[in-house]
Each structure stands twice: as C-alpha cells, then as structure tokens.
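Numbering follows the working numbering, in which position 204 of the sequence shown is assigned residue number 205; successive positions increment by one, without gaps.
Everything labelled a hint here was simulated from the structure, so no lab data went into it. One thing to keep in mind: the hints can contain errors.
Stated by the list, open to error - Between beta-carbon pairs, the in silico distance windows are:
id: 1; residue 1: Arg96; residue 2: Ala207; range: 18 to 24 Å
id: 2; residue 1: Asp98; residue 2: Ser265; range: 34 to 40 Å
id: 3; residue 1: Val142; residue 2: Ala174; range: 32 to 38 Å
id: 4; residue 1: Thr224; residue 2: Leu264; range: 15 to 21 Å
id: 5; residue 1: Asn143; residue 2: Arg96; range: 20 to 26 Å
id: 6; residue 1: Asp257; residue 2: Thr181; range: 41 to 47 Å
id: 7; residue 1: Ser242; residue 2: Glu33; range: 28 to 34 Å
id: 8; residue 1: Glu109; residue 2: Ser265; range: 39 to 45 Å
id: 9; residue 1: Glu109; residue 2: Asp257; range: 20 to 26 Å
id: 10; residue 1: Glu33; residue 2: Asn263; range: 42 to 48 Å
id: 11; residue 1: Lys39; residue 2: Leu140; range: 47 to 53 Å
id: 12; residue 1: Arg272; residue 2: Arg76; range: 28 to 34 Å
id: 13; residue 1: Phe68; residue 2: Glu267; range: 47 to 53 Å
id: 14; residue 1: Arg96; residue 2: Ser268; range: 40 to 46 Å
Quick reminder that beta carbons are idealized off the backbone N, C-alpha and C, glycines included.
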Amino acid sequence: MLDHPLSSLEDWVAFFSAQDLPVLRHTQRQLEHARECKDTVSGKDITRIVMHDPLLAVRVLAYIQPFTRRVRLRRDITTIAGAIMMLGIDAFFNRFDQLPTLEDQLHEVSQQALIGALQVVNRCRQAAHYAYEWAVWRLDVNVEEVALAALLHDLAEVLLYAFAPELALAVRAHQQQDSTLRSAVAQQEVLGGFTALQIKTALYRAWQFPDLLLQLLDDHSSTAPRVLNVRFAVNFARHLSQHGLRDAALPDDFRDIAKLLNLSEESLMVRLGLAPSEAGKEIVPSPNLRIPNLGN
Numbered sequence: 002m003l004d005h006p007l008s009s010l011e012d013w014v015a016f017f018s019a020q021d022l023p024v025l026r027h028t029q030r031q032l033e034h035a036r037e038c039k040d041t042v043s044g045k046d047i048t049r050i051v052m053h054d055p056l057l058a059v060r061v062l063a064y065i066q067p068f069t070r071r072v073r074l075r076r077d078i079t080t081i082a083g084a085i086m087m088l089g090i091d092a093f094f095n096r097f098d099q100l101p102t103l104e105d106q107l108h109e110v111s112q113q114a115l116i117g118a119l120q121v122v123n124r125c126r127q128a129a130h131y132a133y134e135w136a137v138w139r140l141d142v143n144v145e146e147v148a149l150a151a152l153l154h155d156l157a158e159v160l161l162y163a164f165a166p167e168l169a170l171a172v173r174a175h176q177q178q179d180s181t182l183r184s185a186v187a188q189q190e191v192l193g194g195f196t197a198l199q200i201k202t203a204l205y206r207a208w209q210f211p212d213l214l215l216q217l218l219d220d221h222s223s224t225a226p227r228v229l230n231v232r233f234a235v236n237f238a239r240h241l242s243q244h245g246l247r248d249a250a251l252p253d254d255f256r257d258i259a260k261l262l263n264l265s266e267e268s269l270m271v272r273l274g275l276a277p278s279e280a281g282k283e284i285v286p287s288p289n290l291r292i293p294n295l296g297n
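Working from the sequences, and respecting the hints, build out all of it.
Here it is, written out as structure tokens:
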C-alpha cells in the first residue's frame, strides 16, 4: 500500500500498472455462476456483469488493446461487448479467473477506505446509467461507448482507495473540513500536485485506450454532444452523491442537461422523476424518482 505521494505522472502510471486490479466480490460471484453455466451464457450476459463493475471493465478494456493493434482491425474496440466478442467466451473465462476482490484487499487495511471505494464505484455506476439513458434519448451512434466512458471516468479515485488508502482518505478529510474546497484542489494538495483526472488520463494513455474513448473521457477536449453527455452524467452523479438533492450545483446541472437533451427543465424533472417543492426553493424526489439501486 502506498502511503506517500509520487513525484511524477510517470511514477503514478508505473505504480498502478504494476498492481493486480481487484474486482467487486459481487462481480466475482456473478462470474463464478456464469462460468458454471458457460454453455448457455451469452456475450450479452457477460457484458452486463462487466459493465456493473468499473474495475473489471477497465481490466477487460486494457487487456484487449494489444490484440487490436496486432490484428489491425478496421476500427478500435471501444465497448465491452466488442471486447467480449473478440475474445470469445472461453478465452474470457480463462483470462479473468480467480480475480482478487476489493473487499478482501481492504478488509484488514481500512474499513473507511473500503466504504469510500464502494461509494465511488456506486457513483460510477450512476454516471453510466444516466449517460446511457441520455445517449438513447439523443439517438447517439453508439450508446455503449458513452456509458463505458462515464463508468470509467472516475476510476482513478477507486484505485487510490484500493492501493493508496491513506492518501484517498486524506483527500476526503480535506473536503470534509472545507465544504467549498473543490475535489481537484484537495487532490493536488495530497497527491503531490496531481489530480485524479490527470492520473486517470495518463493511465489510460499508457494502457493504449482508443482515441475515441480518450476524447469522451476528457472533460475539456470538446463541446461535442457525446463528450458533454459523459461530462454532465459524471457531474450529476457526483453532486447527487455528495449532498443529495440539496447540492448547490444541481441547478446548473439541470440547465446543462436540459440543453443537451433539448428539453425544458420542467420536462427534464419529469424524466428524472423529480418535482419542485411547494415552496419552490428546492427539488424533492417524486414517488418515481429514477436513481438506480446500486448496492452490492
């Protein structure tokens, strides 16, 4: 476990690249069950399991990239479904067998770090959920790409909890002490001048992620609707996870999302399952609030 900041992005990349990335215990159990029913399991079934766990998703995507360069495909593999199709079901189970779990790794180290990691994982799932729904509404050319980018956007924060729990908890403590402190500033103070976004970008480039996914994952690369779809879904999930429906940033989120989807803010509220309070000063959940249940 790392207990001190590293001095360069190259060092961060080397450190995380040397680790055996864990998966969620729930994911491990699902894979074991699927392996027992391998003759009847489809690529779609496996994709569904992988897309529920950003740690496994990044393992699969990073593993497949060298193969795509070797066989010189006409287009990059940018979805988990495409990666499973290229690997084949037998090869997938052979490669991703006996994986370590996040819960086992952190159980004896730090319960607080485990809780923090699982909270970020849930946030990643929420972001992917919203990104997918909005991409479908927008008739995006490939909604799976958009959902995958949202799922992997904040993975560096999960990795910090998994392999540098003292640093991750220090970042969280900084923000708890000052509720106005931006996460990027807190991360720079603790992580040797770097943000999780910078570490994530350097990692994904080193792991040879396709340019298209790198563009979707870059908050500042473009104002293209697909990039905004990912960015707004990540922001919305983050703000909901921080302060719920009372987060001060949500009005800006609603404005941005409504513009992206070409909806009025009132129509967006209905679509999200939200309704203005009688006092008109805050947003309250209606009975059909569609924030997915993402527990393990």
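Against the earlier hints, flag every one the structure doesn't satisfy and list their numbers going up. Numbers 2, 3, 6, 8, 9 and 11, in rising order.
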